[in-house]
Each structure stands twice: as structure tokens, then as C-alpha cells.
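Make a model of the complete structure from these sequences and hints.
There are 2 protein chains.
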Amino acid sequence: MKCAIVAVGTELLFGHTVNTDAVFLSQQLNLMGIDVLYHYTVGDNPGRLSEILKLALSDCDLVITTGGTGPTQDDLTKEVICEVMGDALVEDSHSMERLIRHFERRQRPMTENNLKQAMMPSKAVVFDNDNGTAPGFALESNGKIVICLPGPPNELNPMFEDSVKPWLMNRSSEALYYRTIRTFGIGESMLETKLLPLIDGQTDPTLATYAKMGEATLRIASKRSTEEEARKAVEDMIKRVYEYVGDYIYSTDDESLPELVGRKLIEKNLTMSTAESCTGGMIAARMTDISGISAVFERGIVTYSNGAKMDELGVSGETLERYGAVSPQTAEEMVRGLQKKTGSRVCVSVTGIAGPGGGTPEKPVGLIYVGVMLDERMEVFELRTNNTKRQWNRNYTVLFALDKINRFIDEMGE
Amino acid sequence: MKCAIVAVGTELLFGHTVNTDAVFLSQQLNLMGIDVLYHYTVGDNPGRLSEILKLALSDCDLVITTGGTGPTQDDLTKEVICEVMGDALVEDSHSMERLIRHFERRQRPMTENNLKQAMMPSKAVVFDNDNGTAPGFALESNGKIVICLPGPPNELNPMFEDSVKPWLMNRSSEALYYRTIRTFGIGESMLETKLLPLIDGQTDPTLATYAKMGEATLRIASKRSTEEEARKAVEDMIKRVYEYVGDYIYSTDDESLPELVGRKLIEKNLTMSTAESCTGGMIAARMTDISGISAVFERGIVTYSNGAKMDELGVSGETLERYGAVSPQTAEEMVRGLQKKTGSRVCVSVTGIAGPGGGTPEKPVGLIYVGVMLDERMEVFELRTNNTKRQWNRNYTVLFALDKINRFIDEMGE
Chain A
1 MKCAIVAVGT ELLFGHTVNT DAVFLSQQLN LMGIDVLYHY TVGDNPGRLS
51 EILKLALSDC DLVITTGGTG PTQDDLTKEV ICEVMGDALV EDSHSMERLI
101 RHFERRQRPM TENNLKQAMM PSKAVVFDND NGTAPGFALE SNGKIVICLP
151 GPPNELNPMF EDSVKPWLMN RSSEALYYRT IRTFGIGESM LETKLLPLID
201 GQTDPTLATY AKMGEATLRI ASKRSTEEEA RKAVEDMIKR VYEYVGDYIY
251 STDDESLPEL VGRKLIEKNL TMSTAESCTG GMIAARMTDI SGISAVFERG
301 IVTYSNGAKM DELGVSGETL ERYGAVSPQT AEEMVRGLQK KTGSRVCVSV
351 TGIAGPGGGT PEKPVGLIYV GVMLDERMEV FELRTNNTKR QWNRNYTVLF
401 ALDKINRFID EMGE
Chain B
1 MKCAIVAVGT ELLFGHTVNT DAVFLSQQLN LMGIDVLYHY TVGDNPGRLS
51 EILKLALSDC DLVITTGGTG PTQDDLTKEV ICEVMGDALV EDSHSMERLI
101 RHFERRQRPM TENNLKQAMM PSKAVVFDND NGTAPGFALE SNGKIVICLP
151 GPPNELNPMF EDSVKPWLMN RSSEALYYRT IRTFGIGESM LETKLLPLID
201 GQTDPTLATY AKMGEATLRI ASKRSTEEEA RKAVEDMIKR VYEYVGDYIY
251 STDDESLPEL VGRKLIEKNL TMSTAESCTG GMIAARMTDI SGISAVFERG
301 IVTYSNGAKM DELGVSGETL ERYGAVSPQT AEEMVRGLQK KTGSRVCVSV
351 TGIAGPGGGT PEKPVGLIYV GVMLDERMEV FELRTNNTKR QWNRNYTVLF
401 ALDKINRFID EMGE
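Residue numbers (this note's numbering), protein chains in the order written: chain A, 1 to 414; chain B, 1 to 414.
Hints were generated in silico from the structure; no laboratory data involved.
Remember, identical chains collapse to one label, so a pair may be satisfied in a single copy or spanning two.
Heads up, simulated DSS-like pairs for lysine-lysine below, C-alpha to C-alpha not over 25 Å straight-line:
id	residue 1	residue 2
1	Lys-239	Lys-223
2	Lys-54	Lys-2
3	Lys-389	Lys-264
Have a look at this one:
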């Protein structure tokens, strides 16, 4: 099946928004064995959108549009799809009910233009939007399919996973199975280099690497006549991948490090507290994003100033004076002070120079110390990112700390 | 001048790479008053590239290609451009010299296929590449221009700034000016409804609304013969927009709430501390993302458990018992306790039910109390998001709290 992705939105042509929908959909479709041949982006202009849709449909069996499904006047994707596919918009009572309930729940008035969002092509299969007001749909005509999705990624991604993917899979004679392997501590190109013997000449399962901020992800996908066969092929490949890069793998189920650590803490009933300087609360924020974490997450302390480090964690003035706030000694006193104060079994401390300013030749930007304790075990890790980007350094440090905590938990025994 | 951007590269269609070149070029071109009408992405496939180039040239005066200019066999952008524009590749002696020097300097052997990179269309204006081996070029024919640029952003961006922009500026007669207005507390459709009298029938300046998580953004753009005129038109329109939705506007310069609050704190030398329960450190994390914030940000405390609220902030057991952790009384004691403990002038407390679990009929998911203090002034705000999504509730609460802090700062007088 050949596919084109058509993004609709003047904000993309202004460069205000990055077209992450095209990235997400391309990855997903490729995993499903659907070839993506083109990405198109047009503004909120019905004439040009119509032209592009016709062009895309002339080459491809499947065209997916993203965006232009909002309540406002310039949102015209549905109208243009109807025109091109020879259908007309009618009120979809199911969507209308959902829309009315959506506004009722929020106790917000529904404006006239919102009504537009319950209008769907008469022959469409409608996909509910659990995260916004614009439903999606699939419309078929003359062996061609147009799928219309809302633009915001937090609406599009779950709609694709929950509705579009199953709908598309039902039409395929083959079964797809894939797993996403998450690694930390290895770059994407190094990961690919190490896996080259497995990637080269491999047609099924396929292996593809992706880079995220500081993480490299590996997708292993197989398409066979049954799901069982595909699953077996993927699982056999995972075993082989472990032989090459096992030490870097922390999840074979696409779990993020906060999710993974959070789950283990809850399962093992391990209490946790955090003491952060340069990450400024990010570890606490990520951990408390996990639903149910309140059972084990006790306390987070952001000790940005030296005074706060002394007051809150009992770091000695002498240590701060002699070794500085960014030192293994301070990291150790922070994490020991935190455990003493909170009694939490898992404690972590972070102190470092996130940048872009504040570096010196001895203590450059990107020098970070992370202290980890689990019961009596304590270790301080030195991280040198060789990067001057504040956000990157902060994000990477969070993952670095969680990776260490994960290893501590795995190594604690039963 | 109407422009299309054509990205060439199969890696984009696999979703391995985000098309940041299109974002960069769109921003730059729009600022220069050049309308970007389309983004196209095609794989390393000469037939499809040729088809897209012809299509783009039929609508646009200017087509910019990115990528496919490397030394390998599948890099065919130049060849296809020549075919479409009726030119032929010839060796460019200037580029050849630079290429030879490039490899000499790096003491790396120049392979046969590198020679290809010094081949340029015979009628092209060549743009040097100071950061790689692929030069760019502009080629004109029959009133149409094709500009060919290398794909890597670290090569493309400086080549655009240093060579392409000056080359294009010499040809343009119009100037564009735009501003991005940020609002909080109003949805996108409500914003548009309120601004309808200004949007309807408006051709210049244009007004466009965009939704971000919990925020609505408004872009006002004008294209006139001079930048001064365009700027005046936009600034006049901003004044009119204030008359309609002024109460929701927090920035007319595309500043985010954390950036705005952080800047004001630093400018006014106001110290800040945070006490967070359901946001779990997110406010501290956002604030400490601001470079230079360490001058004023003192301490963040994540009091997830009741014990932590009592220990760290002196919330009384009786208050927690009688009113519960999620109550205006607890929010007040948290923020007062925080100020007492830290002495920070700006203090904020958050306690609420982020969900998805933990709600009751009286205290549903999405019920959040935010306490704000600035010196003696204290207020507790009740927020009911009517949303059960944990991430959404947490993110929205951060913005809600920062919006209140921003108003407190504005209202404090000098």
C-alpha cells in the first residue's frame, strides 16, 4: 500500500510548528509495511489543498491528512476531502453527543463554530477523539482511502493507535508484530554500527534505530501470515540483539525510564525522595507523572541555593567551601542528608552545571554529579556531557540518574 | 514571490529525521516577505522528484530543494534539477579547488564519488559550503528560480544566512512584520469568536489563532512595501486586539509564561520558592529551565505525602484531617509555611487531584488549589479543569499558577 501524508496548516508554512505528525505517522506506517512516498504541507487554502489531495490520490492508495479540523473558519480539510472524494458533510449524531458532553463536563459554553466539528462525510467511518473536540474519519471511494486526523499530536497519536491502526490492520492480510527496545548510554550511530551484522541484508524482521534526546531506540518489526509467527521472529531477534548491545537495553516494551523506575518502585514498595540542584525538580516532576506513584514517592527538594543545600539537606558549609557545590562530596552529602531526613529507601541527588553559563576550565558546563542511594548502598557518579545546551544537559541528567537508579534496583536482589 | 520547499531524502519518509530545514527556511522566507505555499518531501527517487519539481514550479516562482546533494549514488537532486530546468552539470573549477583543499586540510583521501560534488549546472550561481562538501546553487530559467541546498542543518543554515538570503534580498520589493501574542485562560475557538470583528474581511494585517496545550496563541502579520509600515500596521492591530481580549494576553512577544515570569523575577530581583503536591516539581523544573534564574530561585519542595506537608511546610495535622490535603486551607498553610521557611518574596503552593484516579464526587479529578503569595499578599485560587488526564491537568496547573504569579507581580506596583 502506497501512502502520502498531507499536513494542513499555515502555521507549518510559517515555520511556527514542526511537522511532528508526519514523523510519527511515517514511523507507524512503515512499521505496518505501508510505504510512505510523499509528505505534503499546504496552508489553510482550499484550492491548494484540493489540488494536492488529487495529486496524492493519483499516486497513492492511502492519503492521510493532519490538521485543519478545528472549529474555526479556516479549518476546511473535511470540506475539501468531501469535494475531492465526492461526498458531503452531514451531522454525525454520535459525534454531536460526544461534543455536547465534552463541553458539559468542562462547564464551558459550546460556541456555534464548535458544531462544525460534529459534521462528518456521510460515508465516513468516524474515529472518536478522546483528547479533543475534532473526530477523525476514514473515507473510501474507488479503491482509494482518505483518512482525516486532527493536528495536535496529543489528539492524533492516541487516535492513530486506538482507532486508525486497528482499522488499517483489519484490511491487511498480513499480521504485524513489533517491539520497541529502549537503550540508554549509547548513541544512535554507535547502536547501528554495533548491530550492523543484524541489520545488513535483513528483510524480516526489520531493525530500525531512532534517536531521541540522549536515548537511542530500536524497533524490531516482523510481518508474517500470522501474528504468532511474527511475534516469534521478533522475539528471536531480540535475543540476538541482547548479545550485541544488552548492557544498554533497559526496556524491551517501549517503557520510558520514569515509567520503568516508577513501576519497579511501586511493585517493590520502595519509597523514593529526590534532592535536585541543576535539574531543578525535573526528576521529581517526571516521577510524579506516573499514575499511582503517590504510594511510594515521598518528597522532592529543589536546593538551588547553597543555603537551601545546608538547611534542607545538612550539607556542611565546609564541604561547599572546599569542594564547591558541584563536587562529588556535595552530591554525597546531599543524598545522605536526604535519606537521613526522609528515610526513603531510594534517594537521589543531583548537582551540576547545566549551562549555558557558569562553566570554568576545571568545572565545565555539562559536569554533573549524581548521588544514588538504595538503603545502605551509596555511589556518586560523574557525568561529563561535553554539551553546552542547558535543556539537553538537564534532560540527559534526568535519564542518567534514572538509569542508575534502575540498575541499583535490579542489583538489590530480592 | 511564491515559494515551495522540496525536501529530498528517504530518511524523512521513514520518520527517522524531522524536517527542521523546512521549519528554518519557512521562518526565514516569511520574514523576508516570501510566501511559502508548500512543503514537499520525496524520497531519493529521481522520477518522483522530477514530478514534484515540475508541479512546484508550475505554482511558484521559487523552489528551494534541501538534501540529496551528497556524494553517494542515490544523491540525485542536482541531476534532476538540470533535467527539469534544461541545463547540464559541468565541473565548477572554484568548487573543485575548494573540495580538494577541504580533503587536504582534513588529511583524508578524496574518493572518486566526491568529485561529483564539484559538478554544478552550467548556468548556476554557486553558493560555497563552509561546513561541508556539497555547495549550493541558484539556477534561473524562464522567470523561475530553483535553489539547491545541502540537507544537514549545520551546512544549510549558515549557507542560507551568508549567501542565499543576500542573493534573494536583492530581488524582493516587500517586507513582512509579525508578532505572536500569547494568551492564557481562553480557548482557541473562544478567542477567535471574540476577535471575529477583527478577523472577518481582514486582508492585512492578517490574524491567525493557534492552540497549544491550554494556551491560545494569536499571530498578527503584515506585508507592506517597507518594514516600518508593516510594523505600524501590526502594532495598531495589537492595540485593537487588546480592546477585545486584553485580559487574557500575557505576552505580545511570543514569550512563554515561565520565560515571562522568570524575566520579571530577575529584573525586579524577586526571590521565589515553590511547594508542590500534584504538580510534583513541574513549576520548579520549568522555572529553573530559565538561564540565570539561580539569582532568584531559592527552593522548591515537593510535598507529595501528608507527612512531607507537615514536616517541610508546617501544615497542621488538624487542617489535613478536617479539610483534607486537597483544600484551600491546606494550600494556604502550605504557601504561608513556605514563605516562613524560605523568606522568598514570591511563594506558590499547589495541591490537587491530577488523576486519573483519586477523585470523589465532592473532590473530583481536576480540582486543584493554588496558593500564591507576594510579600504580604496571599490568595488561594480554586481550579476545576473538568479533565481527567493527568498530564493535561498537571501542565495546565503549572500555567495557571504562573499566570496568577504574573498578575501578582504586575499588580504589586513599583
